[in-house]
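For the protein sequence lines, the chains are L and G, in the order given. The first sequence lines up with residues 1 to 110 when you count with the numbering used here. The second sequence lines up with residues 1 to 117 when you count with the numbering used here.
Calculated directly from the structure, the hints in this document are not laboratory data. Fair warning: this is a prediction, and the values are worked out from it, not measured in the lab. Backbone N, C-alpha and C define an ideal beta-carbon position, used for all residues, glycine too. Be aware that a few hints might be false.
[Said to hold, decoys possible] Rough simulated footprint, nothing fancy, chain L against chain G, three-plus residues with beta-carbon under 8 Å:
#1 44-55
#2 100-107
[As the list claims (entries may be wrong)] Taking lysine to any residue pairs in the SDA-like style, the calculated list, with each CA pair at most 25 Å apart, reads:
#3 K97(L) <-> L26(G)
#4 K41(G) <-> K57(L)
#5 K42(L) <-> Q29(G)
#6 K97(L) <-> F39(G)
#7 K68(L) <-> L26(G)
#8 K58(L) <-> L68(G)
#9 K55(G) <-> S10(L)
#10 K97(L) <-> F91(G)
#11 K57(L) <-> P102(G)
#12 K5(L) <-> P86(G)
#13 K42(L) <-> G53(G)
#14 K97(L) <-> G53(G)
#15 K71(L) <-> E105(G)
#16 K42(L) <-> T75(G)
#17 K42(L) <-> P98(G)
#18 K15(L) <-> M45(G)
#19 K97(L) <-> G61(G)
#20 K42(L) <-> F28(G)
#21 K97(L) <-> C13(G)
#22 K57(L) <-> V3(G)
#23 K42(L) <-> T63(L)
#24 K41(G) <-> Q72(L)
Next come the chains, spelled out residue by residue.
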Amino acid sequence: QQQVKQSPQSLIVQKGGISIINCAYENTAFDYFPWYQQFPGKGPALLIAIRPDVSEKKEGRFTISFNKSAKQFSLHIMDSQPGDSATYFCAAGNDYKLSFGAGTTVTVRA
Amino acid sequence: GAVVSQHPSWVICKSGTSVKIECRSLDFQATTMFWYRQFPKQSLMLMATSNEGSKATYEQGVEKDKFLINHASLTLSTLTVTSAHPEDSSFYICSASPMAGPDNEQFFGPGTRLTVL
Chain L
1 QQQVKQSPQS LIVQKGGISI INCAYENTAF DYFPWYQQFP GKGPALLIAI
51 RPDVSEKKEG RFTISFNKSA KQFSLHIMDS QPGDSATYFC AAGNDYKLSF
101 GAGTTVTVRA
Chain G
1 GAVVSQHPSW VICKSGTSVK IECRSLDFQA TTMFWYRQFP KQSLMLMATS
51 NEGSKATYEQ GVEKDKFLIN HASLTLSTLT VTSAHPEDSS FYICSASPMA
101 GPDNEQFFGP GTRLTVL
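Using the sequences and the hints, build the whole thing.
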């Protein structure tokens with residue numbers, strides 16, 4: 001039973017466009033929401049993370065939007081570049097564990 | 001900072017043999033280390049959580065006698081796949097939570113590709 005639901009499964013965006021990935025959760029005990037980027041054959045790399053007391057966090061071209069009442073959060077990748085083509089995982093954490101979404105494969109076309 | 005290494009990066013072994021995978025936090029001490037398994041085009045599945053000096057906590061459905069975890073120090077954890085079989089072939093990834101970092105923060109290693117013939 002997946003505790004974090006992620007969509008879409010995949011998306012294609014043109015270079016310079018915006019990629020948007022959405023995640024939803026049920027467990028209100030979650031208090032940490034990171035996003036990871038993974039390239040084929042590599043381990044996930046922490047991109048950006050947010051706590052529930054903040055509604056938005058921006059780091060460079062990556063922005064997390066967090067809606068506590070709706071139990072949803074999303075990743076926006078602005079000005080998408082071919083190098084951003086990867087699989088992105090959202091996660092939610094409480095205590096010391098993380099529950100991962102199913103992943104979204106993003107393809108940025110030049 | 002926050003670099004985690006794994007060794008080996010890939011290994012091929014015969015069915016019935018045991019394989020050990022090392023996970024090291026290179027520039028920080030880790031309160032807790034985690035072991036995940038990932039099948040192609042799927043998400044990460046947590047196998048077990050380990051704290052230095054204590055027994056690992058395994059997730060439901062993970063055989064603790066098959067996947068032996070030793071957490072020898074604040075920078076080293078090992079996963080031994082005992083009597084490996086082809087169905088154990090997978091991508092194994094460790095992660096570590098810095099002692100000095102925010103709660104839940106995890107940094108991942110590059111993964112180890114295990115192929116059992």
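Okay, the hints, checked on the actual structure:
no.: 1; hint: 44-55; in the structure: holds (count 3)
no.: 2; hint: 100-107; in the structure: holds (count 6)
no.: 3; hint: K97(L) <-> L26(G); in the structure: holds, 21 Å
no.: 4; hint: K41(G) <-> K57(L); in the structure: violated, 28 Å
no.: 5; hint: K42(L) <-> Q29(G); in the structure: holds, 22 Å
no.: 6; hint: K97(L) <-> F39(G); in the structure: holds, 20 Å
no.: 7; hint: K68(L) <-> L26(G); in the structure: violated, 36 Å
no.: 8; hint: K58(L) <-> L68(G); in the structure: violated, 40 Å
no.: 9; hint: K55(G) <-> S10(L); in the structure: violated, 39 Å
no.: 10; hint: K97(L) <-> F91(G); in the structure: holds, 20 Å
no.: 11; hint: K57(L) <-> P102(G); in the structure: holds, 16 Å
no.: 12; hint: K5(L) <-> P86(G); in the structure: violated, 30 Å
no.: 13; hint: K42(L) <-> G53(G); in the structure: violated, 29 Å
no.: 14; hint: K97(L) <-> G53(G); in the structure: holds, 19 Å
no.: 15; hint: K71(L) <-> E105(G); in the structure: holds, 20 Å
no.: 16; hint: K42(L) <-> T75(G); in the structure: holds, 21 Å
no.: 17; hint: K42(L) <-> P98(G); in the structure: holds, 21 Å
no.: 18; hint: K15(L) <-> M45(G); in the structure: violated, 32 Å
no.: 19; hint: K97(L) <-> G61(G); in the structure: holds, 17 Å
no.: 20; hint: K42(L) <-> F28(G); in the structure: holds, 21 Å
no.: 21; hint: K97(L) <-> C13(G); in the structure: violated, 31 Å
no.: 22; hint: K57(L) <-> V3(G); in the structure: holds, 24 Å
no.: 23; hint: K42(L) <-> T63(L); in the structure: holds, 23 Å
no.: 24; hint: K41(G) <-> Q72(L); in the structure: holds, 24 Å
Checked against the numbered hints above, the structure breaks hints 4, 7, 8, 9, 12, 13, 18, 21 and satisfies the rest.
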